[in-house]
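Chain order of the listed sequences is W and U.
Residue 199 in this note's numbering sits at position 199 of the first sequence; the count goes up by one each step and never skips.
Residue 1029 in this note's numbering sits at position 29 of the second sequence; the count goes up by one each step and never skips.
Read the hints as simulated data drawn from the structure, not as lab findings.
Yeah, the Cβ is synthetic: ideal placement off N, Cα and C, and Gly gets one too.
Mixed in with the good hints, there may be bad ones.
Restraint ranges, calculated between C-beta atoms of paired labels, are given here [said to hold, decoys possible]:
| # | chain 1 | residue 1 | chain 2 | residue 2 | range |
| --- | --- | --- | --- | --- | --- |
| 1 | U | Ile1058 | W | Ala115 | 37 to 43 Å |
| 2 | W | Ser201 | U | Leu1152 | 56 to 62 Å |
| 3 | W | Pro128 | U | Gln1216 | 55 to 61 Å |
| 4 | U | Glu1260 | W | Arg86 | 38 to 44 Å |
| 5 | U | Tyr1157 | W | Val191 | 44 to 50 Å |
| 6 | W | Glu117 | U | Glu1260 | 36 to 42 Å |
| 7 | W | Arg86 | U | Ser1254 | 56 to 62 Å |
| 8 | U | Val1220 | W | Leu51 | 54 to 60 Å |
| 9 | W | Met1 | U | Tyr1157 | 39 to 45 Å |
| 10 | W | Ala115 | U | Leu1152 | 36 to 42 Å |
| 11 | U | Gly1084 | W | Pro128 | 16 to 22 Å |
| 12 | W | Leu51 | U | Gln1216 | 48 to 54 Å |
| 13 | W | Asn66 | U | Gly1250 | 26 to 32 Å |
| 14 | U | Leu1152 | W | Gln126 | 27 to 33 Å |
Reference listing, derived: stretches of chain U covered by chain W, where coverage requires no fewer than 3 residues with Cβ under 8 Å from a Cβ of chain W [as the list claims (entries may be wrong)]:
| # | segment |
| --- | --- |
| 15 | 1013 to 1025 |
| 16 | 1089 to 1099 |
| 17 | 1159 to 1173 |
To be clear about the criterion: a stretch of chain W counts as covered by chain U if any three or more of its residues have a C-beta under 8 Å from a C-beta of chain U, and this derived list gives those stretches [claimed, not checked]:
| # | segment |
| --- | --- |
| 18 | 90 to 104 |
| 19 | 174 to 186 |
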Amino acid sequence: MFELRRITKSFGGVHVLDDISIVLKPGDRVGLSGGNGTGKSTLINIATGFLAPSSGQILLDGHSLNDQPPWKYARAGIRRSFQTSRLVPTLTVRDQFRFETCDPARRRQLVAHSALEDVLDLFPFQVPLPVLRKIEVVRALLADPRVLFLDEPSAGLSGEELSAFARFLSRNVSGDAALLIVEHRQDLMRVLVDEIVTLESHVPSVATAGKPAEAVGDA
Amino acid sequence: MSLYVASTLTNVALISFLALSAYLVLVVGEVSFGQQAFFAIGAYVTATVTAIFGGHIILALFLSTIAGGLAALLLAALVIRLSGLYFAIASLCFAELLRLTLLRIRIPLEIDGRSTGMDGPEGFSNIRWIFENDFEVTDFLILTVVCLLALLLLLFYFERTTVMLRARLVGRDSLLAQSLGVRPDHYRMAFIGLSGMVAGFGGALFALFNTHIEPQMFGVMLGVHALAYTVIGGLGAPLGPLIGVGIDIGLLESIRALSEYRMIAFGGLVAVLLIIFPQGLLSPRAVNRLWGRIRRRDV
Ligand SMILES: Nc1ncnc2c1ncn2[C@@H]1O[C@H](COP(=O)(O)OP(=O)(O)OP(=O)(O)O)[C@@H](O)[C@H]1O
Ligand SMILES: [Mg+2]
């Protein structure tokens, strides 16, 4: 079980996150929404070790991960994608998947399910942005993460592609894994997540939770 | 083969070890101006082992490799928290510190009526291994080239491994590497250590070939050249640094008319090449594209 407990974060006096608590259990599907600059990416950065919270705790199975470097989070099965796609520009798509020593059959399966076969021999700069994001998601999935954070993975996808992407995610994120996805599109949220956490831009910012497509209730 | 050609080729091969060691550091994203230090350590260790203790060449090469590697690990451990510019400066300081120390160590010895041993600025003379073992210049050339080819084969094999892929990732984007569970400092340490081993080995052969070594041979310019070879040759494959060495020593030095202006010619050439090929001749992308063509492997 992964837990963010009473996380606050301020950047030089600007409070971005104020007392956020989130628990992710195996199989959880959580959507994270909120307007621009409400701290969604900041929350993911904190949850994956890329940023230290101003206060609060990050716990995996009850053990604190505070002050650990990002690679420890990753090795513990906490994986992420980045909001601005982050791939190695000098490697073909195929090679972007070689960092992980995973079962080749699983790799083939993921590539097939995500319809990436056609771009395998291309370099990132030859591939459209939405596809790059999908590549990142596949890369994160190769490790069979326990907790997966996706930062706006569907940006730029058209309606048709979006539902394919949603199918891909629900099919390939393991049933034992927890997924937290930053997403603005309600239609994707509806098919994918069971719970939505909304960050609000008020200072202090507060998290509220509710059912998908439902008005935001109290946390 | 004329003596001149053979010894030029031997020099190309010897400096290639140094260039490859700078390459290994660049792969993990650090810039070292101090690889000549490990080269020097290898040279002095082999000089000591063979000329003073009459040790076997295998032992000498082995100890030089280990000593170079350990010295590099020491440097890496001291400055692993530093990176970028700071590492570059630290490596430079380390190498200069070593050179200045070598200038001060004077333990002259006389063996069989010949002066040898470390003698400060006078250097270490009478490293007579090649004479004692009846090595002609061409014999030594073959020895050096065989060693270099073996190293290259090893590196070529290594290139396509996950370890190398991750090392390159650490060099390019250390945060992305971490998000994939790769621990950057381990890779940096390992590759810097490895680079020290390669330089130490090359330095050992250098001492045997030159029969006389002195601290001035291992100055900053040697390190700068080693770095420049990889920068122009490209970071895409181990062949890159070798192309760089070939261009400088093989081409420029052999054009005798250029001799006085070699540094200027080399500097100009580096500038021109970098304007045309900013990523070096064998850039990572070019190499990976080639690989993609050669074998369209399964995922
Ligand atoms: N490293 C940083 N230093 C200073 N301020 C930062 C830093 N990172 C984020 N911020 C600020 O924190 C706030 C939240 O940023 P964040 O990127 O987390 O928002 P977001 O919800 O992901 O927004 P978006 O929808 O645009 O992706 C913003 O006002 C941003 O300017
Ligand atoms: Mg964001």
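- Message: Count the residues of the segment 1159 to 1173 of chain U whose Cβ falls closer than 8 Å to any Cβ of chain W, and tell me whether that reaches three.
- Response: Satisfied; 7 residues make the cut.
- Taking 44 to 50 Å as the hint, is the beta-carbon distance of Tyr1157 (chain U) and Val191 (chain W) inside that range? holds (47 Å)
- Item | Verdict for Gly1084 (chain U), Pro128 (chain W) (Cβ pair) under range 16 to 22 Å | At roughly 33 Å between Cβ atoms, Pro128 (chain W) and Gly1084 (chain U) fall outside 16 to 22 Å, so the hint is violated.
- Query: Measuring from beta carbon to beta carbon, are Pro128 (chain W) and Gln1216 (chain U) in 55 to 61 Å?
  - Reply: holds (57 Å)
- Outcome of range test on Cβ distance (Leu51 (chain W), Gln1216 (chain U); 48 to 54 Å): holds (50 Å)
- Message: Between the beta carbons of Ile1058 (chain U) and Ala115 (chain W), is the distance compatible with 37 to 43 Å?
- Response: With a Cβ separation near 56 Å, Ile1058 (chain U) and Ala115 (chain W) fall outside 37 to 43 Å, so the hint is violated.
- Task: Take a look at whether the Cβ-Cβ distance between Arg86 (chain W) and Ser1254 (chain U) falls inside 56 to 62 Å.
- Result: violated (46 Å)
- May I ask you to test the hint 36 to 42 Å on the CB atoms belonging to Glu117 (chain W) and Glu1260 (chain U)? violated (59 Å)
- Message: 36 to 42 Å was suggested as the range; check whether the CB atoms of Ala115 (chain W) and Leu1152 (chain U) agree with it.
- Response: holds (40 Å)
- Message: Closer than 8 Å Cβ to Cβ for three or more residues is the test here. Does the segment 90 to 104 of chain W pass it with chain U?
- Response: holds (count 11)
- In this structure, is the beta-carbon distance linking Val1220 (chain U) and Leu51 (chain W) contained in 54 to 60 Å? With a Cβ separation near 40 Å, Val1220 (chain U) and Leu51 (chain W) fall outside 54 to 60 Å, so the hint is violated.
- Task: Given the hint of 27 to 33 Å, check if Leu1152 (chain U) and Gln126 (chain W) actually sit that far apart at their C-beta atoms.
- Result: holds (31 Å)
Hints 1, 4, 6, 7, 8, 11, 13, 15, 16 and 19 from the earlier list are contradicted by this structure; the remaining hints agree with it.
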